[in-house]
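Using the hints, position chain B against chain A.
Order-wise, the sequence lines are chains A and B.
Each residue of the first sequence is one higher than the one before, starting from 1 at the first, in full-length UniProt numbering.
Each residue of the second sequence is one higher than the one before, starting from 1 at the first, in full-length UniProt numbering.
Simulated from the structure, these hints should not be mistaken for laboratory data.
Don't take every hint at face value.
Unchecked claim - Away from chain B, derived, C-beta distances all over 12 Å, residues of chain A:
| id | residue |
| --- | --- |
| 1 | Phe77 |
| 2 | Arg78 |
| 3 | His117 |
| 4 | Asn183 |
| 5 | Lys192 |
| 6 | His249 |
| 7 | His314 |
| 8 | Gln318 |
| 9 | Leu367 |
| 10 | Leu392 |
| 11 | Asp407 |
Said to hold, decoys possible - Distance condition first, Cα-Cα at most 25 Å in a straight line; then the derived PhoX-like pairs of lysine-lysine:
| id | chain 1 | residue 1 | chain 2 | residue 2 |
| --- | --- | --- | --- | --- |
| 12 | B | Lys195 | B | Lys123 |
| 13 | A | Lys192 | B | Lys123 |
| 14 | B | Lys317 | B | Lys241 |
| 15 | B | Lys500 | B | Lys536 |
| 16 | A | Lys129 | B | Lys162 |
| 17 | A | Lys133 | B | Lys162 |
| 18 | B | Lys319 | A | Lys133 |
| 19 | B | Lys317 | A | Lys193 |
| 20 | A | Lys283 | B | Lys424 |
| 21 | B | Lys226 | A | Lys52 |
| 22 | A | Lys283 | B | Lys430 |
| 23 | A | Lys284 | B | Lys430 |
| 24 | B | Lys320 | A | Lys193 |
| 25 | A | Lys336 | A | Lys284 |
| 26 | A | Lys46 | B | Lys565 |
| 27 | A | Lys388 | A | Lys358 |
| 28 | B | Lys361 | B | Lys22 |
| 29 | B | Lys116 | A | Lys285 |
| 30 | A | Lys401 | A | Lys423 |
Glycine is no exception: its CB is placed at the ideal position from the N, C-alpha and C atoms.
Here are the chains, one letter per residue:
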Amino acid sequence: MAEERTVMRTQLPTSAESQNPQLKKALEFPILEKQNWLIHLHYIHKDYEACKAVIKEQLRETQGLCEYALYVQALIFRLEGNIQDSLELFQTCAVLSPQCADNLKQVARSLFLLGKHKAATEVYNEAAKLNQKDWEICHNLGVCYIYLKQFNKARDQLHHALHLNRHDLTYIMLGKIHLLEGNLDKAIEIYKKAVEFSPENTELLTTLGLLYLQLGIYQKAFEYLGNALTYDPTNYKAILAAGSMMQTHGDFDVALTKYRIVACAVPESPPLWNNIGMCFFGKKKYVAAISCLKRANYLAPFDWKILYNLGLVHLTMQQYASAFHFLSAAINFQPKMAELYMLLAVALTNLEDTENAKRAYAEAVHLDKCNPLVNLNYAVLLYNQGQKREALAQYQEMEKKVNLLKDSSSLEFDSEMVEVAQKLGAALHVGEALVWTKPAKDSRSQHRTTSASKAACFQQPLGSNQALGQAMSSAAAYRKLPSGEERPQMKNLSYT
Amino acid sequence: MAAAPSSDTDSGRAESKEASSKWLDAHYDPLANIHTFSSCLALADLHGDGEYKLVVGDLGPSGQQSRLKVLQGPKVLTESPLPALPAAAATFLMDQHEPRTPALALASGPCVYVYKNLRPYFKFSLPHLPLNPLEQDLWNQAKEDRIDPLTLKEMLEGIREKAEVPLSVQSLRFLQLELSEMEAFVNQHKAKTLKRQTVITTMTTLKKNLADEDAVSCLVLGTENKELLVLDPEAFTVLAKMSLPSVPVFLEVSGQFDVEFRLAAACRNGNICILRRDSKGPKYCIELSAQPVGLVRVHKVLVVGSTQDSLHGFTHKGKKLWTVQMPAAILTMNLMEQRARGLQAVMAGLANGEVRIYRDKTLLDVIRTPDAVTSLCFGRYGREDNTLIATTRGGGLMIKILKRTAVFADGGGEVGPPPAQATKLNVPRKTRLYVDQTLREREAGIAMHQTFQTDLYLLRLRAARAYVQALESSLSPVSATAREPLKLHAVVQGLGPTFKLTLHLQNTSTARPILGLLVCFLYEEALYALPRAFFKVPLLVPGLSYPLETFVESLSDKGISDVIKVLVLREGQSAPLLSAHINMPVSEGLAAA
Numbered sequence: 001m002a003e004e005r006t007v008m009r010t011q012l013p014t015s016a017e018s019q020n021p022q023l024k025k026a027l028e029f030p031i032l033e034k035q036n037w038l039i040h041l042h043y044i045h046k047d048y049e050a051c052k053a054v055i056k057e058q059l060r061e062t063q064g065l066c067e068y069a070l071y072v073q074a075l076i077f078r079l080e081g082n083i084q085d086s087l088e089l090f091q092t093c094a095v096l097s098p099q100c101a102d103n104l105k106q107v108a109r110s111l112f113l114l115g116k117h118k119a120a121t122e123v124y125n126e127a128a129k130l131n132q133k134d135w136e137i138c139h140n141l142g143v144c145y146i147y148l149k150q151f152n153k154a155r156d157q158l159h160h161a162l163h164l165n166r167h168d169l170t171y172i173m174l175g176k177i178h179l180l181e182g183n184l185d186k187a188i189e190i191y192k193k194a195v196e197f198s199p200e201n202t203e204l205l206t207t208l209g210l211l212y213l214q215l216g217i218y219q220k221a222f223e224y225l226g227n228a229l230t231y232d233p234t235n236y237k238a239i240l241a242a243g244s245m246m247q248t249h250g251d252f253d254v255a256l257t258k259y260r261i262v263a264c265a266v267p268e269s270p271p272l273w274n275n276i277g278m279c280f281f282g283k284k285k286y287v288a289a290i291s292c293l294k295r296a297n298y299l300a301p302f303d304w305k306i307l308y309n310l311g312l313v314h315l316t317m318q319q320y321a322s323a324f325h326f327l328s329a330a331i332n333f334q335p336k337m338a339e340l341y342m343l344l345a346v347a348l349t350n351l352e353d354t355e356n357a358k359r360a361y362a363e364a365v366h367l368d369k370c371n372p373l374v375n376l377n378y379a380v381l382l383y384n385q386g387q388k389r390e391a392l393a394q395y396q397e398m399e400k401k402v403n404l405l406k407d408s409s410s411l412e413f414d415s416e417m418v419e420v421a422q423k424l425g426a427a428l429h430v431g432e433a434l435v436w437t438k439p440a441k442d443s444r445s446q447h448r449t450t451s452a453s454k455a456a457c458f459q460q461p462l463g464s465n466q467a468l469g470q471a472m473s474s475a476a477a478y479r480k481l482p483s484g485e486e487r488p489q490m491k492n493l494s495y496t
Numbered sequence: 001m002a003a004a005p006s007s008d009t010d011s012g013r014a015e016s017k018e019a020s021s022k023w024l025d026a027h028y029d030p031l032a033n034i035h036t037f038s039s040c041l042a043l044a045d046l047h048g049d050g051e052y053k054l055v056v057g058d059l060g061p062s063g064q065q066s067r068l069k070v071l072q073g074p075k076v077l078t079e080s081p082l083p084a085l086p087a088a089a090a091t092f093l094m095d096q097h098e099p100r101t102p103a104l105a106l107a108s109g110p111c112v113y114v115y116k117n118l119r120p121y122f123k124f125s126l127p128h129l130p131l132n133p134l135e136q137d138l139w140n141q142a143k144e145d146r147i148d149p150l151t152l153k154e155m156l157e158g159i160r161e162k163a164e165v166p167l168s169v170q171s172l173r174f175l176q177l178e179l180s181e182m183e184a185f186v187n188q189h190k191a192k193t194l195k196r197q198t199v200i201t202t203m204t205t206l207k208k209n210l211a212d213e214d215a216v217s218c219l220v221l222g223t224e225n226k227e228l229l230v231l232d233p234e235a236f237t238v239l240a241k242m243s244l245p246s247v248p249v250f251l252e253v254s255g256q257f258d259v260e261f262r263l264a265a266a267c268r269n270g271n272i273c274i275l276r277r278d279s280k281g282p283k284y285c286i287e288l289s290a291q292p293v294g295l296v297r298v299h300k301v302l303v304v305g306s307t308q309d310s311l312h313g314f315t316h317k318g319k320k321l322w323t324v325q326m327p328a329a330i331l332t333m334n335l336m337e338q339r340a341r342g343l344q345a346v347m348a349g350l351a352n353g354e355v356r357i358y359r360d361k362t363l364l365d366v367i368r369t370p371d372a373v374t375s376l377c378f379g380r381y382g383r384e385d386n387t388l389i390a391t392t393r394g395g396g397l398m399i400k401i402l403k404r405t406a407v408f409a410d411g412g413g414e415v416g417p418p419p420a421q422a423t424k425l426n427v428p429r430k431t432r433l434y435v436d437q438t439l440r441e442r443e444a445g446i447a448m449h450q451t452f453q454t455d456l457y458l459l460r461l462r463a464a465r466a467y468v469q470a471l472e473s474s475l476s477p478v479s480a481t482a483r484e485p486l487k488l489h490a491v492v493q494g495l496g497p498t499f500k501l502t503l504h505l506q507n508t509s510t511a512r513p514i515l516g517l518l519v520c521f522l523y524e525e526a527l528y529a530l531p532r533a534f535f536k537v538p539l540l541v542p543g544l545s546y547p548l549e550t551f552v553e554s555l556s557d558k559g560i561s562d563v564i565k566v567l568v569l570r571e572g573q574s575a576p577l578l579s580a581h582i583n584m585p586v587s588e589g590l591a592a593a
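Next comes chain A alone, as it looks inside the complex (with noise of 0.2 Å):
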């Protein structure tokens, strides 16, 4: 390149400058849009100082008159977060050129940030006057109708925005308006046809892969989440989703390092904490189990299934007084739910007070519907008090939760639950294994769990305490990977 040689300096003899007609130019007008270029350029650089710059010489030059210098530092003014005063001089520029779509549009978008949405819808039908095949107009006119609650006319103008051209916002937009009117299976659709057309985007897959999880779809939601994770391994919202269900099946080491992406990424993240703390918990780390959860509890104090998971852990630990008050917390927030409150009568009942735990029991039965070991739970109880009657009740109470469940879903049911209810069955001399056709030995019958429960049976001095300790932790271990798994979900449902 550059060979050590002297060269000659030879200037241009004739310097650009004598082809210009600089003394006629004096009393010329300069061209408005003279530096417009270098401004958009400076813009798009996201060099904002410069273009500013640039913008304060042009309007100087021009007296205010360069339409193109005032939009930008609108944008600018608005990007900055001074939106009144973008909105002023995108109304000055909207004067200067009224019969451009692009400032009213950006006079509707400033409206919209302020909060207005009704105002802005004005604008923005003003502006698809003047450009009518314009999908961003479209676009954002839906949007706004989705913030006035019209998801009718939200939608109409949406599905005319995708009909000009197909934008993933405004799938994402649609497919919004169907999970807010509580459309799922819409939603899917509309989610769907968003994937087909870009199969790239994460965010799509990642909502698709959700709301096939809330469904039950787990195949699906799997093959979603994973796609999702192909494009962007450290999108954590996909990992929350996919570690939950590699948590269901036991996979837990796979789940914690998945999760470790995500402590990058999200360290005060409550979910994640719980979720690392459920996976601790299936590893039988209970001293980690409780420390994650207690972290998780302290980002987000109010969190009534962080509350439930820490109840649990502690009733494995033996820890009752704890698990009471944990699980009493939990109820306080969430009082409609019969697991908490079965969860809080086998505390108390380990706590001696038997009494409460009744009656805790008795909410716990009124407000259930279809879990079977509430009733089993308490019929255990009863049964231990000698009241063999209303033990009897339950059990046939538990008897046609069961003979539901076969008949709606294929639920395997735990391998514990059954021992003893059965075990109870004989006690209450009601013929043994009535409704248990087939023994539930499924094949993946979390051998975790029965392990878990195993520890529980070494602990207990044998007798009819044991099936009750049994019972618990099975209901341990069917409830607390769901209630692991709720929780990304819930999180993404507010953001979706």
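Using the frame of chain A, we list chain B on its own:
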């Protein structure tokens, strides 16, 4: 070329830490004072001596002193001032004459300055835009003094509101004036011919009729009035004119003008328009939802960088192929072509000081630079085929040479699981004490629970009792009776021995005024003296806070303080409506004395 690395060994050595790097650091001068964009960089053999030079349209440090710089090796060969800021620079072959030295074109304002052999050769000005006939007519009338300024203003305003063709600058200026200035303005400017001019925003070259490396090329100009012009290379006449929906910012051309060509124009409205020969307007339109920051064609794929920090790949028909997310904002993009290996890739300069090289969506290489790169250019420089030239935000110039042995393989960048996966989870530790307490709870859980419950009930009971007592003896500063809803709070001011005690009494009922209240102070007479220990309260209008002031004299010189009780009573009743205990401060005035 061989001597090049020695020219700037310091910075060269400092940077070539990575022995595995594919690049040789030929030159880095952080104070080269070159401020420009990729569009104003061009590499060409300007003198026909096989020594390729770098042409820089420099905007100057603050956009003031724009210059045309020609660099050879690390040094500036020539430098000449420019009349206006350069928007784009391009080199192209104008004719078939030997020697085949390329001409240099610089677009600036409404003109293209063409240089041959670095001497000014031709200046092309954009044709004037058509004027609004009505406007023209009005100014003609003004010239003959047949119209008064006020009518002129009204008529012009009418045109501005409705007309398709915008007004000229002269009319716009006129419309801004105050009434008093109009006359003078008209007299001064009426003789001038009206004109409307536009500005070149971007420029590129398009082969005329041959695909060869050294074929004659046309200039393609994008203008501020949303048009594309193709210029004849010899006569500089407009060969073709195409209109766009918005102002073009970046252009990308392939093909030959006489045969078939495709033109992609990234526009200011965030769209990318694709035009073909024979089409007057856009054939396809890609709508990005953000502004494009760069447009590069790699083989048949259009790569667009957007302000959302991502690269998108599109087909020539506007179908989206892929998207890659960048770690920082993209500042500039350009094509990297390694002819010997048939490699075409996209270089993107990022705001975090990286230059990333992508082939489709696979990252080939990352070059870390000391400052954010604002313009990039790759090609033959001097006698070296594969040279990367970059200028930085602070005005630095960086020249790197691709090693001849360098081979770009897939996965030169990041692959595998994200690095975050390797970091350990920060699980909070539990102390020995915690474990001990856990064991204790297991052993004595029942007793703990029962003690706790008992204490809790006792606490509740006590709280309830205290509350009832307060209500019964009206000890609270807020009265509980429905007839006289009152609120009281007291402020003590001063250092002593004289304090000012202000009671703020407020009637909190919505409508009813309260009449006939009394205020009584109870205090230790040995310690304090008040001018009035008992007085009447005026009528209390709902909502207002009444400040009732009184002075308190501290009599003790021992630095002790006491409580003064304030009672609010209803006339004729002995039980107070409400009461307040004021903890008087120690008199500091006496303590000091």
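Hints, one by one, checked against the model:
1. Here Phe77(A) stays apart from chain B, with its beta-carbon at least about 17 Å from theirs, past the 12 Å limit.
2. Residue-level check passed: Arg78(A) sits 14 Å from the nearest beta carbon of chain B, beyond 12 Å.
3. Taking the minimum C-beta to C-beta distance to chain B, about 20 Å, the non-interface status of His117(A) holds against the 12 Å cut.
4. Residue placement check: Asn183(A) keeps its beta carbon more than 12 Å from all beta carbons of chain B (closest about 26 Å).
5. The non-interface label for Lys192(A) is consistent with chain B: the shortest C-beta to C-beta separation is roughly 18 Å, beyond 12 Å.
6. The claim that His249(A) lies off the interface holds: its Cβ sits roughly 20 Å from the closest Cβ of chain B, which is beyond the 12 Å cut-off.
7. Look at His314(A): its CB is around 9 Å from the nearest CB on chain B, not clear of 12 Å, so calling it non-interface is violated.
8. At the 12 Å boundary, the C-beta of Gln318(A) falls inside the reach of chain B, the nearest C-beta of that chain being 5 Å off.
9. Every Cβ of chain B is farther than 12 Å from the Cβ of Leu367(A); the closest lies at roughly 24 Å, confirming the non-interface assignment.
10. Distance to chain B confirms Leu392(A) as a non-interface residue, since its nearest Cβ pair spans about 29 Å, more than 12 Å.
11. Taking the minimum C-beta to C-beta distance to chain B, about 41 Å, the non-interface status of Asp407(A) holds against the 12 Å cut.
12. Straight-line distance between C-alpha atoms of Lys195(B) and Lys123(B) comes to about 19 Å, which keeps the hinted pair within the 25 Å bound.
13. As the CA atoms of Lys192(A) and Lys123(B) are separated by approximately 56 Å, the hinted pair breaks the 25 Å bound.
14. About 21 Å separates the Cα atoms of Lys317(B) and Lys241(B), which keeps this hinted pair within 25 Å; it holds.
15. With a C-alpha separation of about 18 Å, the suggested pairing of Lys500(B) with Lys536(B) holds against the 25 Å cut-off.
16. The straight-line distance between the Cα atoms of Lys129(A) and Lys162(B) is roughly 15 Å, inside the 25 Å bound, and the hint therefore holds.
17. Proposed proximity of Lys133(A) and Lys162(B) is supported: the alpha carbons are some 21 Å apart, at most 25 Å.
18. Of the pairs offered as hints, the one joining Lys319(B) and Lys133(A) holds, with about 20 Å between alpha carbons and a cut-off of 25 Å not exceeded.
19. For the proposed pair Lys317(B) and Lys193(A), the alpha carbon gap of about 21 Å is at most 25 Å, so the pair holds.
20. Note on Lys283(A) and Lys424(B): the hinted pairing holds, with a Cα-Cα distance of about 17 Å set against a maximum of 25 Å.
21. Between Lys226(B) and Lys52(A) the alpha-carbon distance is near 24 Å, which keeps this suggested pair within the 25 Å criterion.
22. Taking the CA atoms of Lys283(A) and Lys430(B), the gap is about 17 Å. The hint holds against a cut of 25 Å.
23. In summary, the hint linking Lys284(A) to Lys430(B) is supported, as the alpha carbons are separated by about 16 Å, within the 25 Å threshold.
24. Taken as a hint, the Lys320(B) and Lys193(A) pair is honoured in the structure, with Cα atoms around 15 Å apart against an allowance of 25 Å.
25. The suggested pairing of Lys336(A) with Lys284(A) is violated, with an alpha-carbon distance near 29 Å, which exceeds 25 Å.
26. Using a Cα cut-off of 25 Å, the hinted pair Lys46(A) and Lys565(B) is violated, with the two alpha carbons roughly 66 Å apart.
27. The straight-line distance between the Cα atoms of Lys388(A) and Lys358(A) is roughly 14 Å, inside the 25 Å bound, and the hint therefore holds.
28. For the hint linking Lys361(B) to Lys22(B), the alpha-carbon distance of about 20 Å falls within 25 Å, and the restraint holds.
29. Taking the CA atoms of Lys116(B) and Lys285(A), the gap is about 79 Å. The hint is violated against a cut of 25 Å.
30. This hinted pair checks out: Lys401(A) and Lys423(A) have alpha carbons roughly 18 Å apart, not beyond 25 Å.
Checked against the numbered hints above, the structure violates hints 7, 8, 13, 25, 26, 29; every other hint is satisfied.
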